[in-house]
Amino acid sequence: MSVAVEAASVVKVFGNIRALDGLDFSVRAGEIFGLIGPNGAGKTTALRIISTLLLPTSGNLRVFGLDVVQSAAEVRKIITYLPEEAGPYPNLSGWEYLEFMAKFSTKNKDELHGIVEEAAEICGLGERLKDKAKTYSKGMKRRLLVARALMTKPKLAVLDEPTSGLDVLHSYHVREIIKRYVRERGVTMLLSSHNMLEVEHLCERVALLNKGKIVAEGKPQQLKEKFGSANLEEVFAKVVGFA
Amino acid sequence: MLKGFGNFLLKELKELVRDPKILLGMIIVPLVMFPVLGAVMNFSMQSAQESAAKTVVLVLNHDAGENSTEFIAYLNSSVRALDVSRNVSTINGAISLLPAYNATEIIEIPANFSQSVTAKTGVYVKFYSVYSGAGILEGIGSSLVDTLVQQFNRNVAPDVVVPEKSVIIKGKVLEGVDPRVLSSLMLSQAIAMPITMLILLTYSMQIAATSVAMEKEEKTLETVLTLPMDRFSILMGKLSGSAIIAGVSAAAYMVGLNYYLGSFTGVTSAGGSLDLVSLGLVPSLFGYLLLGVSLFVTLLSALALAVIMSAFAENVRSAQSLVSYLYPLFFVPSFALMYLDINVLPFWLRIVLYAIPYTHPIIASKAVVMGDYLTVVLGIVYVAAFTLVIMYLASRLFATEKILTAKLKFRGLRKSAKAPAEDFQ
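These protein sequences, in sequence, are chains U and R. If you count by the working numbering, then the first sequence holds residues 11 to 253, one letter each, in order. If you count by the working numbering, then the second sequence holds residues 1355 to 1779, one letter each, in order.
FYI, nobody ran anything at the bench for these hints, they're computed from the structure. Even glycine gets a Cβ: it sits at the ideal position worked out from N, Cα and C. One should not assume that every hint holds.
Claimed, not checked - Below are the BS3-like pairs computed for lysine-lysine, each with C-alpha atoms no more than 27 Å apart in a straight line:
| no. | chain 1 | residue 1 | chain 2 | residue 2 |
| --- | --- | --- | --- | --- |
| 1 | U | Lys142 | R | Lys1756 |
| 2 | U | Lys140 | R | Lys1570 |
| 3 | U | Lys234 | U | Lys248 |
Claimed, not checked - Computed, partial: chain U to chain R, Cβ under 8 Å:
| no. | residue |
| --- | --- |
| 4 | Ser61 |
| 5 | Leu63 |
| 6 | Leu65 |
| 7 | Arg86 |
| 8 | Ile89 |
| 9 | Ala96 |
| 10 | Tyr99 |
| 11 | Ala112 |
| 12 | Phe114 |
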């Protein structure tokens, strides 16, 4: 199985704060990988470096063999990124927003229509796609954005807190989209969450991040057995010495 | 008493006062700006008075008697009156001498002056004032001559010298046009144009800053920065969108201005009506075009600057506060040039005003009326160069992670690298 993401000794410094302090982890192609940790652990910084938004201070990070610094433009062709709590353009309709985003992937009208149709199916917003995005609820916006991130069939989808702030039903819907898309399309998913219970049910493998470092990595079941814990929350608490 | 009002008010004041951007934008900036404006106004009045004292009057004396010589000597007590009758004999000849003597007034004394003064019968003396569109205080030289004539009449005989007033615009005499009527007509233009430009500039900058800040706040900017597209395209798309709006605004401004200038009429001393169009005091089609270009490049530079400023803001509110720091750069030249001719200012102050790009459309609005196209073109070239520099800086900002991480730290206005870390971890 090929490697989708490979991080080696990645450091990111903001002023006198080390947001990432020698990050090492790898994501296999075709899996759902969870980067989990508390607020301020460095999850978003890691995802932003992978998505070519930030430059690492030192270390190497490759996406399907492409260096995120040297080959940033090439990396952008094969990934999509969903920022935490991002919104669509409020005065565009959902359909217009999807079309706007799809036009960066293709100029062919038929392909464009196919991509947007796919997104419409993924998000399940139906007729509401004709309405302006500012009229959508938070859950509807998130479904639209998740659909946008998946509609172009990227090799790697990077999702930052995809269900953050959503109610039970919308969270369920988004998780089902992610699982179905990986199963049917073989897309690699890298997502972050501070909701460890959710990630436990969604991700095939996880990395526990604390103070900019990976403190544990593996399958949720393996980690629970290794640390004799009932769930990943307990694993995390034991790893960082909280419990 | 409203229950909870005091507590809520206290919270509100703490929130507002502790936001350094609001403190700076809404309290410090006005505190600094108005004293600066006051100083500019004070300086305007002083320079106008000084220029009045330096008024040079060319006298075309057709009278050979003593009274005209006395009249010229009387004028000389307060202004510099030069008898040019030995050099030229016609008003057109005197007009040609104006630049050489840096004169702004011509007095033509008729051949029967001494005879009429001796007989204490009224004599018509022609007064010509040069109109150059310099500002509200431009007519001060003409007013001074008026005062001198009134004093002369009081000394000799009531209404012995009857002024017949005309103006000289672009080297041509417009008979029977009172400079004071003309000044009051031009007052509308001298105030309205800078004020309208102020509104246009502030409004456009707020739109551009809000647009970028919205992208940051909604994190749509983060999303598009990871798309397979040239980042310069994002900047150009943003600027072009704003520039199209600015272009439409500039065109609307020109149409509105044309209607506005055409709508003003005054009354001449002969009882006829006076309007700016018939006086040739409205821009030509080419003048409008140049003014439009000047306004457009200035708007573009203001928009690019607004985009850069808003890149340092975390949200819409702080973007709008940041942009407001630039307002003194619009307000000071606008108010100063309402009253002042830039050419009467000290060299260093002229350089300061010329260096501010937002001065140039205001100068252009006066220059196109007077047909001084070279000044307008030079202004356009300068502002265009400034705009290119700003756009280059903006493109550099968009090409790096600074577009996401840059923030202004208000402890000495230093750029901080600390704050972003809290967001990105």
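Which earlier hints can't be squared with this structure?
-> Those not satisfied are hints 1 and 11.
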